[in-house]
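In the order they appear, the protein sequences are chains Z and P. Each step along the first sequence adds one to the number in my numbering, with nothing skipped, and position 69 is 71. Each step along the second sequence adds one to the number in my numbering, with nothing skipped, and position 298 is 303.
You may find that some hints are simply not true.
[Claimed, not checked] Straight-line alpha carbon distances no greater than 16 Å define the calculated EDC-like cross-link-like pairs of lysine to aspartate or glutamate that follow: (1) Z/LYS87 to Z/ASP253; (2) Z/LYS182 to Z/ASP106; (3) Z/LYS114 to P/ASP47; (4) P/LYS213 to P/ASP119; (5) Z/LYS182 to P/GLU367; (6) Z/LYS182 to Z/GLU107; (7) Z/LYS114 to P/ASP360; (8) Z/LYS87 to Z/ASP106; (9) Z/LYS87 to Z/ASP230.
Note that these hints are calculated values from the structure, not bench results.
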Amino acid sequence: MNKNSNHENQNHSEFLTRGEFMAMMATAGVSVAVAAAVSEVDVLRDLIEKEVQIDLQGAIEEEEMYGGHGPSGKHRWGMVINLSKCIGCQYCVYACQAVNNVTDEMRWNVYKPDVTETGVEFHMTRPCLHCQDAPCTSVCPVQATYVREDGLVIMDYDICIGCRYCQVACPYGARSFNWKQRTEDSGYQEEWGAAEVDIRPRGVPEKCTFCVHRIDRGLPQGRVPGIDPQATPACVNICPVDARIFGDLNDPNSPVSQAIANNPTFRLREDLGTEPNVYYIPPEGMAI
Amino acid sequence: MIRAIRNEYSRSPVFVIWVGLLTLMLIVGLVSGIIVLVNGLDVTNLTNQVPWGLWITVDLSSIALGAGAFSLSAMVYIFRVERLRSIARIAVFTGLIGYTGAMLALLMDIGRPDRFWHPMVYWNVHSVLWEITICVMLYSTVLILEFAPVLFDSAPVRRIFPGAPRVGHVIHKFAPVGAVIGLGLSLLHQSSLGATYGVLVARPIWFKPSLPVMFIMSAVAAGVTFVLGITVLYENITRRRHISVQVRNILGVVAGIVLALYLYLNLWDFLATSYYSHLPARVESLELLNRFAPYGTTYWLVEILMGALIPVVILLVPALRKRDGLILVAMAFVILGVIVNRWNVTLSGLIVPMDWSPGVAETFSINAYRPSWIEWGVGAGVLGYILMAYSLGLRFLPLYGGDDHHDEEESIPEPENPSSPERSAATA
């Protein structure tokens, strides 16, 4: 009996009458016609055009302000690496390992010899690129890593759960994981300078910070990162040929902005849309 | 209580040996787990280049095989396929075991297990992994609520709390609500697990919109096949039928059709990404994988042929479906297919190095990974947990015979009977 009542309930209601059907079709047709006619009325058309322009203007302004993405802060810290100047001494690698107490297996700042398509050898180095649209920050399930107002990609070791999704997501392999609890310094301190930050705890990833501790301490003291060494990343200070330049990308007079304005530059894997804050001046023999 | 259980259930020597073996696996897992917690992930063979490995495969496979719970709950409580009520409980049980097993593996895998609760407090709504974590946690709660009536209905619990079945009955009234929520949560996170890889633009092997869909379809197919296979296995151990031929047919056809759709999607995924198009980065990655890893062989032979094509034939051809041996073969192949698929997906993206340098020197070598003994140990522990849960659950809990069993007396109602009008009226 239950089945029967179900069956009755499921009976179709009446079909549309011919009149109803025609009325629906006519309504649809008239709607399209009215919409087309209305969009041709001058007042409305101007209004739409104005709206579009406002939107465009806003987008352009935003683009100019932050390069399309990211932080709204006063500063945007960035680096220029001049591959045509780099001699491959790797001082920047060692200074970073000393100051940030980084072991050989976990280098934040890596060096690799490379060659251009035209066969010219050059020296490639890569810190964290501090992307404004960083894949590592958007995948983090707990916001333990994020793009700070001044453009730095920050790592909060106290919130991180150690899932390593950021490591998997970073297109540049810039992150290393603390697989074990370190107890000893990296060993570079004696020759390259004292460690300025604590060893990171076991179970969290780490990466180049642009020596954020120097920037955060230097700014209130009136020092300018990129100009005053006390507020500038260790790798930039030590470079014997000035191949690394640091500064505020928002300030047109900063060393980095000047270098970008006066040289051809490119960024790593721009096709991925990560918007790095590290710019490279190409080596000789590389067309960009 | 233990004596009561002992008296009630005869102890066959085979069962005792089996449970002993599983206990051994659990001890291995426990020891490995403690070693991991004490020494950290240094005891694994994971590296900065390959930070995910065996444990991710274990938890992805475990969650996929638990997908029978939401699929069948939805069919029973939302689409009202009344006949399937007889497997509603085993389906929910499968989900519960799959998800808890996955959580065990995940707890080992994260570098800071003490902070497993952080996603609940520190939200990042932009992260697909955050969405997965929240969905999995909520869905596990749903599974526990869905399973509670079964537990309250079991003989040992009833002996101690005679009123337990009543409580279970009240909770069970909300089963349709649980099924709706469970369906939503599962559709979200089962797909998002594929999206975990699919959204990573830097890895050409992964970066494609088909991965989330392929993940959920393979999970539904595998989950339903698993419930069917476990049931047939149990029937052959107890030498007694627990589900009707009709139920077996429904399960087989549903799993077979979803698996066939998965095959179809997989075919077009292959054609679109590897045959008709030639994205340089992807072509290069595939070449590397085929040269340095058994990727092509395992993909075609294990994932496609064994994991999908053969089971589809077994499940959809009535003459083959009625043979118990072939159903067990289908289950084994589907499980193998899912595990190898999750392994291949995870490792294929990580093995291929990312080239970020503007130069052309071939300095990025292909990465390698082989799980360490401790990783295998934890894996064995999770497997032992899953098998032990099934062995004890099937032995001591009323997992078959309809979900309104507690309204009736001790005897298990024959599931072959089409549900009586009163019964369907009561749940309507």
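Among all the numbered hints in the text so far, which are the ones the structure does not match?
1, 3, 4, 5, 8 and 9
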